[in-house]
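Participant: Numbering (numbering that gives the first Met the number 0), first residue to last: 0 to 140.
FYI, nobody ran anything at the bench for these hints, they're computed from the structure.
Bear in mind that the values here come from a model prediction, so they are computed numbers and not experimental data.
Don't take each hint at face value.
Calculated lysine-lysine pairs in the DSSO-like style (CA-CA distance at most 27 angstroms, straight line) [claimed, not checked]:
no. : residue 1 : residue 2
1   : LYS81     : LYS36
2   : LYS133    : LYS62
3   : LYS32     : LYS81
4   : LYS36     : LYS126
5   : LYS133    : LYS123
6   : LYS63     : LYS126
7   : LYS123    : LYS40
8   : LYS115    : LYS81
9   : LYS63     : LYS115
10  : LYS119    : LYS63
11  : LYS115    : LYS133
12  : LYS63     : LYS81
13  : LYS115    : LYS128
14  : LYS29     : LYS115
15  : LYS81     : LYS119
16  : LYS126    : LYS62
17  : LYS128    : LYS32
18  : LYS29     : LYS40
19  : LYS40     : LYS81
20  : LYS115    : LYS62
21  : LYS133    : LYS119
22  : LYS40     : LYS126
23  : LYS62     : LYS81
24  : LYS63     : LYS123
25  : LYS81     : LYS123
26  : LYS40     : LYS133
27  : LYS63     : LYS133
28  : LYS128    : LYS81
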Amino acid sequence: MSGWFITFIVLWSIFLFTMFAIGGYFMFRKFLKRLPKEDGKSILDWQEYYINETLHLWNDDQKKLLNELVAPVPELFRDVAKGKIAGKIGELAVEENASIITEDLIIRGYIIATPKRDHKWLIKTLKQKEIDLKPYQQLLA
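Could you put the whole structure together from the sequences, leaning on the hints where they help?
Facilitator: Right under this line is the structure:
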């Protein structure tokens, strides 16, 4: 065997191992989210429950705002992010017995459901829409 072929095989093996490791990591995370908790439901079951309970409370303007907020998320992960955020918004709406999904619920749900590094985009978007950030300072801190 020539030297270039052995080098190719080694590099290809490293590439495959890396891709399997990355895929396995994300599959394991999804598996952990599907495991039932003490109440018998998993994180994803609760997320789906809250979305289904509040689906009729959303109108087109709120859906448009949610889509704008998740716009910076890569398209591959956008549906997952939107589901997680919508689940948190639904949870807040159910806890507060809301009759409609409001802008306030969407903003609070987004802040709670996303990591702090994503709040920069939220702040920028809210400033562009001229929405007051003062009520949300405690959640953003």
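Participant: Now tell me if each hint is right for this structure.
Facilitator: Here is what the structure says about each hint:
no., hint, result
1, LYS81 x LYS36, "23 angstroms, holds"
2, LYS133 x LYS62, "23 angstroms, holds"
3, LYS32 x LYS81, "16 angstroms, holds"
4, LYS36 x LYS126, "39 angstroms, violated"
5, LYS133 x LYS123, "14 angstroms, holds"
6, LYS63 x LYS126, "17 angstroms, holds"
7, LYS123 x LYS40, "36 angstroms, violated"
8, LYS115 x LYS81, "16 angstroms, holds"
9, LYS63 x LYS115, "22 angstroms, holds"
10, LYS119 x LYS63, "19 angstroms, holds"
11, LYS115 x LYS133, "17 angstroms, holds"
12, LYS63 x LYS81, "12 angstroms, holds"
13, LYS115 x LYS128, "20 angstroms, holds"
14, LYS29 x LYS115, "21 angstroms, holds"
15, LYS81 x LYS119, "17 angstroms, holds"
16, LYS126 x LYS62, "19 angstroms, holds"
17, LYS128 x LYS32, "34 angstroms, violated"
18, LYS29 x LYS40, "14 angstroms, holds"
19, LYS40 x LYS81, "20 angstroms, holds"
20, LYS115 x LYS62, "22 angstroms, holds"
21, LYS133 x LYS119, "15 angstroms, holds"
22, LYS40 x LYS126, "38 angstroms, violated"
23, LYS62 x LYS81, "10 angstroms, holds"
24, LYS63 x LYS123, "17 angstroms, holds"
25, LYS81 x LYS123, "18 angstroms, holds"
26, LYS40 x LYS133, "36 angstroms, violated"
27, LYS63 x LYS133, "23 angstroms, holds"
28, LYS128 x LYS81, "20 angstroms, holds"
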